[in-house]
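Can you build the whole structure from these sequences, using the hints too?
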Amino acid sequence: MFNVTTGRLFYILELAGTFTCTWPVDVNSSKSRILIRNIRWSFAMLNVTLLLTSLVLAVYHFREDTTTVMKTASEMTALLEVFLDLIFCKLKSAQLQVLITRIRGFVEVANEDESRVLQGYVDRYKMFFSVTAMGYISTAVSFGFVPLFSTQDLPADGWIPFATEPLVLYLVIYVHQVYCICTAALCIFVDFTIALLFSFPAARLDILGTKLRHVDSYRMLISCVKEHQEIIGFVEDTKAIVEALLFKTNVTMGSAVICGAFQLVNNQSLAVKSQFVPMVVSGCAHLYVIAWPADDLKESSVRFLNSIADVRWLGKQREMGSALIIMIQRSQKMFLIRMSSLLPALTLEYYANFLTTVSSYFMAMRTMIES
Numbered sequence: 001m002f003n004v005t006t007g008r009l010f011y012i013l014e015l016a017g018t019f020t021c022t023w024p025v026d027v028n029s030s031k032s033r034i035l036i037r038n039i040r041w042s043f044a045m046l047n048v049t050l051l052l053t054s055l056v057l058a059v060y061h062f063r064e065d066t067t068t069v070m071k072t073a074s075e076m077t078a079l080l081e082v083f084l085d086l087i088f089c090k091l092k093s094a095q096l097q098v099l100i101t102r103i104r105g106f107v108e109v110a111n112e113d114e115s116r117v118l119q120g121y122v123d124r125y126k127m128f129f130s131v132t133a134m135g136y137i138s139t140a141v142s143f144g145f146v147p148l149f150s151t152q153d154l155p156a157d158g159w160i161p162f163a164t165e166p167l168v169l170y171l172v173i174y175v176h177q178v179y180c181i182c183t184a185a186l187c188i189f190v191d192f193t194i195a196l197l198f199s200f201p202a203a204r205l206d207i208l209g210t211k212l213r214h215v216d217s218y219r220m221l222i223s224c225v226k227e228h229q230e231i232i233g234f235v236e237d238t239k240a241i242v243e244a245l246l247f248k249t250n251v252t253m254g255s256a257v258i259c260g261a262f263q264l265v266n267n268q269s270l271a272v273k274s275q276f277v278p279m280v281v282s283g284c285a286h287l288y289v290i291a292w293p294a295d296d297l298k299e300s301s302v303r304f305l306n307s308i309a310d311v312r313w314l315g316k317q318r319e320m321g322s323a324l325i326i327m328i329q330r331s332q333k334m335f336l337i338r339m340s341s342l343l344p345a346l347t348l349e350y351y352a353n354f355l356t357t358v359s360s361y362f363m364a365m366r367t368m369i370e371s
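Going by my numbering, the first residue of the sequence shown is number 1, and it counts up by one from there.
Honestly, the hints are just simulated from the structure, not real lab data.
A couple of the hints might just be wrong.
[Stated by the list, open to error] EDC-like cross-link-like pairs, simulated, lysine to aspartate or glutamate; straight-line CA separation at most 16 Å: (1) Lys298 to Glu236; (2) Lys333 to Asp216; (3) Lys211 to Glu227; (4) Lys211 to Glu112; (5) Lys90 to Glu243; (6) Lys211 to Asp310.
Model, not experiment: these values are computed from the prediction.
Given below as structure tokens:
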């Protein structure tokens, strides 16, 4: 089993986020480094926008061909995910940097027991997240190389309103599309970062619950109350930052899976199916990447509320009872992550309903198109 420490996890997330221009910029970076980052972000946005435009034109140009339209729409919604990730991560860069800095600061000073709890969450998710990442990478590879083994000219199914026969122009467009496809594949690490933001307060609640069992004085209890308030603040800040990102993922992945699944039930070539099998499977796993840690955070808040009953306060200072009441009142509300006011809380139950809804929409659209 491969070993992924919390330090190595940060390195991997930052490396992928730097390539996709979604990792928050350190406010202490030099002006030249920030300028280079902004130029790279603009370059990424330009490339993604150009390919999105090409795909939109293809949907209109081939509007009479349902199979081609659905194939192009699947690619378009997947690329729209990248477009929105770039925008939201840019707008929330400062806030994301603050949260990530707080996590890093805690990891650096964590004692052995605290590090063990944090590592437990990393070990809990690493296998599934690794498989999901490999699914996205294999999708990018299959899209990038399919023109070499089929009659398809370019990796994406966009419509370009000019000739691409000159070799230099063809290579430029080919590299441009491969770059966008690789960016789309690596943007799954944005959701891995969101999962980190959910699992960190869950781990801290578990740690704090253990501390409560050893509280024997008013001073220790007050320290726990303050730490609990700090965790609540972290969760509230996280909710404010990721709400739009979660809503976006819910919509784009649902659309990409529905449209991509059409290529698996139609009489498509093996090359096309090799593109869309990992795409559909990875798209289904995408929302699970964030639903699982969000559900763990909810369960952790429930366990913490139960652990308050273990505090030995009878026969101690009367102020301890008042402090416990404050903590109980704050713990009554579970940590539920919401994607918007229009959707329920993000949990594993919601994920199951999401898959059911996507399947229903797919069957309804298939019946409508075939009729």
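- prompt: Are there hints from earlier that the structure breaks, and if so, what are their numbers?
  reply: 2
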